[in-house]
Amino acid sequence: GAVVSQHPSWVICKSGTSVKIECRSLDFQATTMFWYRQFPKQSLMLMATSNEGSKATYEQGVEKDKFLINHASLTLSTLTVTSAHPEDSSFYICSARETGGGEKLFFGSGTQLSVL
Amino acid sequence: QKEVEQDPGPLSVPEGAIVSLNCTYSNSAFQYFMWYRQYSRKGPELLMYTYSSGNKEDGRFTAQVDKSSKYISLFIRDSQPSDSATYLCAMKTSGKSTFGDGTTLTVKP
Chain A
-13 GAVVSQHPSW VICKSGTSVK IECRSLDFQA TTMFWYRQFP KQSLMLMATS NEGSKATYEQ
47 GVEKDKFLIN HASLTLSTLT VTSAHPEDSS FYICSARETG GGEKLFFGSG TQLSVL
Chain B
70 QKEVEQDPGP LSVPEGAIVS LNCTYSNSAF QYFMWYRQYS RKGPELLMYT YSSGNKEDGR
130 FTAQVDKSSK YISLFIRDSQ PSDSATYLCA MKTSGKSTFG DGTTLTVKP
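Chains A and B, in that order, give the protein sequences. Note that the numbering used here has the first sequence beginning at -13, numbered continuously upward. Note that the numbering used here has the second sequence beginning at 70, numbered continuously upward.
Here chain B stands alone, though its shape is the one from the complex (with noise of 0.2 Å):
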C-alpha cells in the first residue's frame, strides 16, 4: 500500500465549477502538507503549505487537513481554464517529500 493515495481522475468540469482533489495518507507521522500545481512538461508549483489540521484559504484555493482522518483536500472555487494542469498532494515528516501520483484536472469555458 502507498504511503499516500490520490483519487486519480482525470477530472473534467465547467468554467466557474467548484473542484474537490483528495489524497488519503497512512504515515501518522506526516508533519507537513503541501498542493502542487504542474502544467505539461513544467516543474511543479507550490500552491499551498500547511501543517494544521483545519482550513486555510488562498484566494480561490482552499487547503483542508483533517490529521484524524489522515485526508486533506484542495477546494478550487470559480475553476477557470488556466486551472487546468495536474495537481499534486505531497506531505512529509521533517525529511523528503513523498507524493501522490497526481489528478489531472480539465476546466473546459
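Same shape as in the complex, but just chain A (with noise of 0.2 Å):
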C-alpha cells in the first residue's frame, strides 16, 4: 500500500517555541491531506485539511494563527505549532488521500508532542 511518512516521530519542547511536523507521501502524490489529533484513547479528531498549493481549511474551534498548515508540494504537507503550550500536548497524525486514487486515506505514524 501507499506509504505516509510522518516526521518526527516525537518531540519536546519548550513553552513559547515552534514546532514543525513534516508529512510526507513518498510513492505517491496528494493533491489532498489531512490533519488530526488525538488524545489518549479517543478518536481522530480532524483539525484541517490541506490542499496543495491553496489555504488549508481548518474545522470549527482550531485557530489558524496557532496551527500553520503549508502543502506546497504534491508530496508534503508541513504543520507548524506555533507558540506551543502544556495545552497543546497531544499525538499529531496526517493523512494523505492519493490524486485521482478514490477514496482511500493513508496515515503517517504520528508524532507525539510534549511541551514542558
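Just to be clear, a hint being listed does not mean it is correct.
[Unchecked claim] Okay, derived cross-link-like pairs now, DSSO-like style, lysine-lysine, Cα gap no bigger than 27 Å in a straight line:
(1) B:Lys139 - A:Lys27
(2) A:Lys90 - B:Lys125
(3) B:Lys111 - A:Lys0
It should be emphasised that the hints constitute simulated quantities derived from the structure, not laboratory data. Please read these numbers as outputs of a predicted model, since none were measured by experiment.
Combine the two chains into a complex, taking the hints into account.
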C-alpha cells in the first residue's frame, strides 16, 4: 500500500517555542492531506484539510494562526504549532489521499508532542 | 448524537476466537466504509475499504455493511495476539471521513 512518512515521531519542546511536523507521501502524489489530533483513548479529531497550492481549511474551533499548515508540493504538507503551550501536548497524525486514487486514506505514523 | 457510534469495548478474547466489531451510523449519505487498525502511538492502518452493502473478505478479515440498517461490522477469524490493537471504523461521503471512537481489542495467548 501507499506509504506516508511523518517526522518527527516525537518531540519535546519548551513552552513558547514553535514546532514543525512534516508529512510526506513517499510513493504517490497527494493533492489533499489531513491533519488530526488524538488524545489518549479517543478517536481522531480532524483539525484541518490541506490542499496543495491553496490555503488550508480549518475545522471549527481550530486556531489557524496557532496551527499553521503549508502544502507547497504534491508530496509534502507541514503543520507548525506556533508558540506551543502545555495544552498543545498531544498526538498529531497526518493522512493523505492519493490524487485520482479514490477515497482511501493513508496515515502517517504520528507525532507525539510534549510541551514543557 | 454522534454521526458514528462504535461499540466502546474494551474487548478481550482468547487466541483463535472470532471477533466481531461493530459501528452504527445516522447519516444515510455515507457512501464509503472503512476499518482501520491502530497500534499504540502509531498512525491508523487501513484494513478494509468498501462502498456497497454486503460482505467483503480479505484473509482473516471480513467487513460487512448493511446500509438499510446503517450498520457495519468487522469480523476477525482465528484471532492472534498480534491483532491486539484499537480498531476504528470510518465513513465518508465525498468529503472528509468521520471516525468512530475505536474499540480496543486484546487477544490473549
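ask   = Regarding the pair Lys139 of chain B and Lys27 of chain A, is the alpha-carbon distance no greater than 27 Å?
value = 25 Å, holds
Given hint Lys0 of chain A paired with Lys111 of chain B - CA-CA distance at most 27 Å = 24 Å, holds
message = Run the distance test for Lys90 of chain A versus Lys125 of chain B: straight-line Cα separation, threshold 27 Å.
response = 16 Å, holds
In terms of the numbered hints stated before, the structure departs from none.
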